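*Asks:* Residue-level listing of the chains:
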Amino acid sequence: MNKDSIFRFLLSTAALLVLLFTAGIIYALVSRSTEAFQEYGVWGFVGNAEWDPRSATEEYGALSFILGTLYTSFFALLLCIPFSLAVALFNGEYYKGKKISSAVRSIVDLLAGIPSIVYGLWGFYTLRPLVIALGVSAQGFGIFLSSVVLAIMIIPYASSLSSEFLSMVPNNLKEGAYSLGATQIEVVQYISLPSAGSGIVASYILALGRALGETMAVTMLIGNTNRIPRGLSDTGNTMASVIANQFGEADGLKLSSLIAIGLLLFIITAVINLIAKLIMKKISLI
Amino acid sequence: MKAILRLKEVSVSYTPGKNAVDKVTTDIYPNTITAIMGPSGCGKSTLLRAINRMHDLYANVQTTGEIILKGRNVLEMDPMEVRRMAGMVFQQPNPFPTMSIYDNVLAGYTLNGIRLGKNEKEEIVEQSLQSVALWDEVKDVMTKRGSFLSGGQQQRLCIARTLALKPEVLLMDEPTSALDPISTNKIEELLLQLKQQFTIIIVTHNMSQAARISDNAMFMYLGELVEHGNTTQMFTKPRNKRTEEYLTGVFG
Ligand SMILES: Nc1ncnc2c1ncn2[C@@H]1O[C@H](COP(=O)(O)OP(=O)(O)O)[C@@H](O)[C@H]1O
Ligand SMILES: [Mg+2]
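Residue numbers (this note's numbering), protein chains in the order written: chain A, -3 to 282; chain B, 24 to 275.
Since the hints were derived computationally from the structure, they do not count as laboratory data.
Source: prediction; values computed, not measured.
Each residue gets a CB set at the ideal place from its N, CA and C atoms; glycine is no exception.
It is possible that some hints are incorrect.
Said to hold, decoys possible - Simulated DEER-style distance windows between Cβ atoms: (1) 149(B) to 78(A): 35 to 43 Å; (2) 63(B) to 168(A): 17 to 25 Å; (3) 200(B) to 263(A): 51 to 59 Å; (4) 32(B) to 168(A): 28 to 36 Å; (5) 92(A) to 104(B): 24 to 32 Å; (6) 98(A) to 220(B): 44 to 52 Å; (7) 168(A) to 208(B): 44 to 52 Å; (8) 140(B) to 263(A): 46 to 54 Å; (9) 112(A) to 87(B): 31 to 39 Å; (10) 191(B) to 130(A): 31 to 39 Å.
To be verified - Cβ-to-Cβ under 10 Å is the rule here; a few derived chain A residues that face chain B: (11) 105; (12) 109; (13) 110; (14) 160; (15) 163; (16) 164; (17) 166; (18) 170; (19) 172; (20) 176; (21) 178; (22) 180; (23) 183; (24) 186.
As the list claims (entries may be wrong) - Mimicking SDA-like on lysine to any residue, the simulated pairs with C-alpha atoms at most 25 Å apart in a straight line are: (25) 277(A) to 126(A); (26) 277(A) to 77(A); (27) 94(A) to 79(B); (28) -1(A) to 9(A); (29) 273(A) to 189(A); (30) 92(A) to 89(B); (31) 170(A) to 135(B); (32) 277(A) to 120(B); (33) 170(A) to 215(B); (34) 278(A) to 168(B).
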């Protein structure tokens, strides 16, 4: 065998191994969650808000955590929109190509590099007392605190992609608008944002995907409660945090239920990412 | 006749101390077509874009001198007002792809935050599209995107979009250079019609186009206005040697 074919062989093997790992993860998730799904049925498991590990009344359902995940992620997304849009407009429109914009970009990228556990600590020791002082909740833990930290964590993902899309808006369109007497804010409103619109939406969907699966910081801040949160100030659990909080002391049906939640989370995140990718693919075809 | 636009010692520089347009002085008369000619890089676009203050969009571009539009110095006016008075058509047709044909025509109003009644809108759209001879071609596809039209139609839509604001002058930067001969022809005919209502300044690379449609011509070279005057006179008896060389194709 010559060098070329050895190299080609190594490449294909590595690629194949990655495929096998993925398949292996999916297989493990599916096979180990079967027990829970057989016990309750898929919809019985997804639609049940009870999570009761006491052996006499043992019963497991994912609904509380699905809703907990949706509440925290969407509220985080909502909080993140004004900031990431501002950063995106700053970098992609107002200070496009300027030194200050690459400085802002680096700082925002820095946010993306902070480990989740550090966000968790910061949320725990700095933000939680603030949340208590604001009177949102007595302990500070809960959906609100988690969402605020999540929002900050996903700003880099939402803003860097959307500023990319904003800066791709053709200059001749903007000049066309300026030549009709538009001001900069009118150009942003009527030309740049609509032109970059679907790209910006795709960036937010990707950011949402990050928020859905984010584990460590949320686990530290959400309050580990196994029921449907009654509001933003309530405690709860997300799909990721319930697994992180409870897998250590779980076995049997409980463990299978936790793995089933992991499988569901995997599916939701994959679908969300797929939607974002499809939107972006459609844009690049235009 | 009184000039509608007077340029007095207009200079534009992209880098300090280096004029891309150097002390251009000329008068433009109402209801005429003026062609700006000259080799690539001589400052035609730069001069045209000084008139509607496009250079304000970019830092470091300096414009000096006086540009008097209808008695007012453009350089001391609000640039947004200037741009509504001096409409611009670009080399590459640039209809707004997120807007319908209808909304493209009205974009000047939307972009300026001017609200119009439905009747007023319909009237402006029809009138503007009529005047660029596009009405019959698009009146049944008004809700389609502007980018759905052919290149020539797109350019006429862009002209309609500027005409909708009823400007004093129309600034056109090589508006037909991206178009096929038939579309070019159509736009040339159109300009001859439009000069009855508007004053047109057109940058062109195409000498026969300048000869066909312009009343007056300006010949620029290295940022300077070398010669300006009646088109026929310039083409038959150019006063300057550079002009003659350019027109006879010695350089270009
Ligand atoms: N944005 C710019 N920055 C720096 N220099 C420029 C810019 N645009 C044009 N120039 C320079 O100014 C001169 C005139 O350019 P331009 O007006 O575009 O010429 P024309 O339209 O006659 O081809 C050229 O030397 C060109 O390189
Ligand atoms: Mg040019």
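*Asks:* A separate judgement is required for each hint: does it hold in the structure or not?
*Replies:* Hints and how they fare:
For the pair residue 149(B) and residue 78(A), the supplied restraint of 35 to 43 Å holds, since their beta-carbon distance comes to about 41 Å. The beta-carbon spacing between residue 63(B) and residue 168(A), approximately 19 Å, falls within the hinted interval of 17 to 25 Å. Under the hint 51 to 59 Å, the C-beta atoms of residue 200(B) and residue 263(A), about 54 Å apart, fit the expected range. A hinted range of 28 to 36 Å holds for the C-beta pair residue 32(B) and residue 168(A), which are about 30 Å apart.
Between residue 92(A) and residue 104(B), the C-beta spacing of about 26 Å keeps the proposed range 24 to 32 Å intact. Our hint of 44 to 52 Å for residue 98(A) and residue 220(B) holds, since their Cβ atoms are close to 48 Å apart. Between residue 168(A) and residue 208(B) the beta carbon distance is about 24 Å. The supplied range of 44 to 52 Å is therefore violated. Take residue 140(B) and residue 263(A): their Cβ atoms lie about 52 Å apart, and the range 46 to 54 Å holds.
Roughly 57 Å separates the CB atoms of residue 112(A) and residue 87(B), a value that falls outside the hinted 31 to 39 Å. The hinted range of 31 to 39 Å is not satisfied by residue 191(B) and residue 130(A), whose Cβ atoms lie roughly 58 Å apart. Interface hint at residue 105(A): violated, since its Cβ lies 26 Å from the closest Cβ of chain B, which is beyond the 10 Å cut-off. The closest approach between the C-beta of residue 109(A) and any C-beta of chain B is roughly 32 Å, which is over the 10 Å cut-off, so the hint fails.
Of the supplied interface hints, the one on residue 110(A) is violated, with its beta-carbon coming no nearer than about 34 Å to a beta-carbon of chain B, more than 10 Å. Annotation: interface hint on residue 160(A) violated; nearest CB of chain B at approximately 18 Å, more than 10 Å. With its C-beta approaching chain B no nearer than about 16 Å, residue 163(A) sits outside the 10 Å limit, and its interface hint is violated. Taking 10 Å as the C-beta contact cut-off toward chain B, the hint placing residue 164(A) at the interface is violated, the least distance being around 13 Å.
A distance limit of 10 Å between C-beta atoms decides the matter here; for residue 166(A) the minimum to chain B is near 8 Å, and the interface restraint holds. Taking 10 Å as the C-beta cut-off, the interface hint given for residue 170(A) holds, the closest approach to chain B being about 8 Å. Taking 10 Å as the C-beta contact cut-off toward chain B, the hint placing residue 172(A) at the interface holds, the least distance being around 4 Å. Against a cut-off of 10 Å between C-beta atoms, the interface hint on residue 176(A) holds, since the closest Cβ of chain B lies about 4 Å away.
Because the smallest distance between the Cβ of residue 178(A) and any Cβ of chain B comes to about 4 Å, under 10 Å, the interface hint for this residue holds. Because the smallest distance between the Cβ of residue 180(A) and any Cβ of chain B comes to about 9 Å, under 10 Å, the interface hint for this residue holds. Taking 10 Å as the C-beta cut-off, the interface hint given for residue 183(A) holds, the closest approach to chain B being about 7 Å. For residue 186(A), the interface hint holds, the least distance from its beta-carbon to any beta-carbon of chain B being 6 Å, beneath 10 Å.
Taking the CA atoms of residue 277(A) and residue 126(A), the gap is about 42 Å. The hint is violated against a cut of 25 Å. A C-alpha spacing of about 22 Å is found between residue 277(A) and residue 77(A), which places the hinted pair at or below 25 Å, so the restraint holds. This hinted pair checks out: residue 94(A) and residue 79(B) have alpha carbons roughly 17 Å apart, not beyond 25 Å. Distance restraint check for residue -1(A) and residue 9(A): the Cα-Cα separation of roughly 15 Å lies within the 25 Å cut-off, and the hinted pair is therefore satisfied.
Annotation: proposed proximity of residue 273(A) to residue 189(A) holds, straight-line Cα distance about 19 Å (limit 25 Å). Distance restraint check for residue 92(A) and residue 89(B): the Cα-Cα separation of roughly 31 Å exceeds the 25 Å cut-off, and the hinted pair is therefore not satisfied. A C-alpha spacing of about 14 Å is found between residue 170(A) and residue 135(B), which places the hinted pair at or below 25 Å, so the restraint holds. Our distance criterion of 25 Å between C-alpha atoms is met by residue 277(A) and residue 120(B), whose separation comes to about 18 Å.
A C-alpha spacing of about 29 Å is found between residue 170(A) and residue 215(B), which places the hinted pair above 25 Å, so the restraint is violated. A distance of roughly 17 Å separates the Cα atoms of residue 278(A) and residue 168(B); the hinted pair therefore holds under the 25 Å criterion.
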